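Taken in order, these protein sequences are the chains called E and S.
Going by the numbering used here, the letters in the first sequence line up with residues 20 to 324, in that order.
Going by the numbering used here, the letters in the second sequence line up with residues 3 to 304, in that order.
Hint data in this document are derived by calculation from the structure and do not stem from the laboratory.
These numbers come from a predicted model, not from an experiment.
For each residue, glycine too, the CB sits at the ideal point set by N, CA and C.
Hints may be right or wrong, so weigh each one.
Claimed, not checked - Partial pick of chain S residues on the chain E-facing surface, computed with a CB cut under 7 Å:
#1 V161
#2 V197
#3 V273
As the list claims (entries may be wrong) - Derived DSSO-like pairs: lysine-lysine, alpha-carbon spacing no greater than 30 Å straight-line:
#4 S:K68 - E:K189
#5 S:K263 - E:K189
#6 S:K28 - S:K269
#7 S:K31 - S:K269
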Amino acid sequence: MLKFILRKLGMGLLVAITVSLATFLMLNLAADPAAMVAGEDASPQAIEDIRVQYGFDRPLAVRYVEWIGNVFTGNFGESYYWKRPVFDLFLERAPVTLTLAFSALTITTVVGLLLGVLAALNPNGWLDRFALSLGTAAQAVPNFWLGLMMIILLGVMFPIFPVSGDATWKHFVLPSCVLGMSAVPQVLRLTRAGMIDVLGSDYIRTARAKGFGPGRILFQHAMRNALLPVVSVIAIQLGYKLGGSVVTESVFALNGLGRLAYESILGADIPTVQMLVFIFALIFIFLTVAGDVFNAWLDPRLRLE
Amino acid sequence: MTAASTSPQQMVGDIIDLTPRERMIKKAKSHRGLQFGGAVVLTMTLVALLAPVIAPYSPFEQDLAKRLISPVWAEGGSWDHILGTDQLGRDYLSRLIYGARVSMGVGFGAALLGCVIGVTIGLVAGYLGGRADRAASFLLTCQLALPSLLLAMALVFFVGASITTLIVVLGCLHWSYYMVVTRTMTRQIRELEYVSAARSIGSTDRQILFYEILPNLSNQIIVVFSLEMAVVIIHEAALSFLGVGVQPPTASWGLMIAEGKEAMYFKPYLVAIPGAALFLLVLAVNLLGDGIRDITAPEGRN
Chain E
20 MLKFILRKLG MGLLVAITVS LATFLMLNLA ADPAAMVAGE DASPQAIEDI
70 RVQYGFDRPL AVRYVEWIGN VFTGNFGESY YWKRPVFDLF LERAPVTLTL
120 AFSALTITTV VGLLLGVLAA LNPNGWLDRF ALSLGTAAQA VPNFWLGLMM
170 IILLGVMFPI FPVSGDATWK HFVLPSCVLG MSAVPQVLRL TRAGMIDVLG
220 SDYIRTARAK GFGPGRILFQ HAMRNALLPV VSVIAIQLGY KLGGSVVTES
270 VFALNGLGRL AYESILGADI PTVQMLVFIF ALIFIFLTVA GDVFNAWLDP
320 RLRLE
Chain S
3 MTAASTSPQQ MVGDIIDLTP RERMIKKAKS HRGLQFGGAV VLTMTLVALL
53 APVIAPYSPF EQDLAKRLIS PVWAEGGSWD HILGTDQLGR DYLSRLIYGA
103 RVSMGVGFGA ALLGCVIGVT IGLVAGYLGG RADRAASFLL TCQLALPSLL
153 LAMALVFFVG ASITTLIVVL GCLHWSYYMV VTRTMTRQIR ELEYVSAARS
203 IGSTDRQILF YEILPNLSNQ IIVVFSLEMA VVIIHEAALS FLGVGVQPPT
253 ASWGLMIAEG KEAMYFKPYL VAIPGAALFL LVLAVNLLGD GIRDITAPEG
303 RN
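Just need the whole structure built from these sequences, with the hints factored in.
Below, the structure is given as structure tokens:
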């Protein structure tokens with residue numbers, strides 16, 4: 020088991036380094052960083068000065084090695100735009116996004132599991148059809164538009180929750196609902212399929228034959244097995260939520276990492292963008308590895324690859 | 003056994019008598035999701051192609067005397083501008099019609115590029131196996147770890163926003179699903195007897211890949227294509243909404259929502275209409291994909 024974990028972690032590290040290299044190359048080759056820092060109206064001389072001053076004249080390979088070396092010591096570089104260490108910016112903005120991501124994830128999990136289980140109890144019943152239609156609709160609705168429509172309807176016509184900013188917990192209600200809705204279809208479908216599968220299996224029939232009540236069969240016997248695959252999907256969804264916060268935070272004016280990403284892209288602040296892509300990828304890799312390890316712990320067959 | 007009863011062999015015979023194509027058509031006739039999705043996608047494609055013919059006005063022509071006219075069903079609306087006008091007095095219906103071009107064009111283009119990349123990697127990895135397969139699956143893990151919307155935003159903005167940039171960037175970031183499906187299927191098909199037969203008569207690897215394996219993947223690839231197209235359409239709209247996608251004055255549904263946002267409290271239709279069009283298109287593309295999967299699935303599988 021330890022060997023399995025170490026192998027997965029080593030693989031994760033290799034993926035993280037490859038991803039950071041790819042990001043570094045793409046961001047620096049997409050445009051001339053010196054010209055972007057200098058701004059649109061800069062003279063060629065000013066651009067050349069900035070190129071030397073920021074070290075853009077050195078080969079990309081040298082600059083990447085320097086960057087990744089610094090990352091291992093916890094230094095993600097200095098922001099061109101804010102003129103501060105970019106990791107400080109990350110720490111400042113992270114709480115808002117983490118709050119948003121976790122509350123959105125809670126909504127996804129509760130709604131997805133509940134509807135999935137209820138739908139599976141009576142496949143093709145009205146509740147099942149309702150859940151599947153809701154899933155299809157939720158998959159097709161653009162996040163940012165749903166957010167704006169909620170602002171128009173709930174924020175203005177029935178002003179229950181504030182629609183802009185991140186001062187109190189109430190500010191997080193609408194954005195969490197919007198971000199949470201986007202992952203409901205996956206969790207719902209997986210839960211439903213798993214439950215239908217398990218409820219038709221022999222051991223559930225045995226449990227019924229032994230005279231256990233429906234509640235005990237559902238919660239103690241069926242759900243445990245049906246929900247295993249759902250756990251790793253939920254872990255992965257947390258990773259997507261962080262990336263998806265770019266749009267939601269912009270709609271609801273939350274000052275989190277998504278907003279930071281948006282501002283740094285418009286400000287051509289490559290170090291900040293590079294750090295955010297890298298950290299989001301790192302979180303995703305970690306969650307995937309954790310999911311693999313968790314599944315291997317439950318099912319020893321998975322430890323042999 | 004009497005002549006009146008239907009034997010099991012006969013029932014099986016009825017199903018087997020149908021050719022795969024006939025069976026598919028039979029299933030399609032009773033599949034409402036497929037019919038709805040297909041009809042909407044077809045209509046939107048025609049609207050996009052025929053935009054200059056059917057749009058009542060130019061999508062760019064401004065008339066400041068006619069700013070913010072409401073749609074025909076609301077107070078102050080008229081049949082001159084069925085969906086009203088925007089802040090610059092441009093006809094909203096015409097902009098909506100031209101916006102379909104951007105959504106369909108970027109969606110189709112990027113999904114096609116992703117398809118070429120993903121299917122190529124998947125074919126090679128699944129057919130060769132071994133080291134090539136391990137390299138491909140490493141590449142896949144890396145791709146999945148990247149926050150694609152965030153990276154797409156940065157790349158499109160840095161390179162310079164245009165339709166071409168959007169297609170290239172979104173296409174290059176959305177190939178993983180094609181690759182997974184192609185690799186799994188190729189690995190199964192390469193073991194089949196007809197592939198060995200092709201090899202034994204001297205077919206080269208390239209011939210086997212393109213003439214023996216690829217045609218058998220087409221159904222699955224079409225399904226993935228439609229699902230990925232839906233994702234790409236939403237990403238394009240999100241990028242344009244944030245101001246780093248399609249640039250004004252081009253009409254894109256995402257951009258229309260962003261422009262309408264300024265006046266959404268007293269003119270909610272400015273946001274509601276393009277968003278509803280986007281929702282309808284993505285819903286239809288998804289339903290079409292699910293429908294194709296249902297009708298092409300082998301008998302007895304769902």
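Hint check:
At a threshold of 7 Å, the smallest CB-CB gap from V161 (chain S) to chain E is about 5 Å, leaving the interface hint in force. The beta carbon of V197 (chain S) is not positioned within 7 Å of any beta carbon in chain E (closest approach about 26 Å), and the interface hint is therefore violated. The beta carbon of V273 (chain S) comes within 5 Å of a beta carbon in chain E, closer than 7 Å, and the hint placing it at the interface holds. In summary, the hint linking K68 (chain S) to K189 (chain E) is not supported, as the alpha carbons are separated by about 40 Å, beyond the 30 Å threshold.
At most 30 Å may separate the alpha-carbon atoms for a hinted pair to count; K263 (chain S) and K189 (chain E) meet this at roughly 22 Å. Of the supplied pair hints, the one linking K28 (chain S) and K269 (chain S) is violated, its CA atoms being roughly 46 Å apart against a limit of 30 Å. Only pairs whose Cα atoms come within 30 Å are accepted, and K31 (chain S) paired with K269 (chain S) is rejected, the gap being roughly 42 Å.
Of the numbered hints stated above, those contradicted by the structure are hints 2, 4, 6, 7, listed in ascending order.
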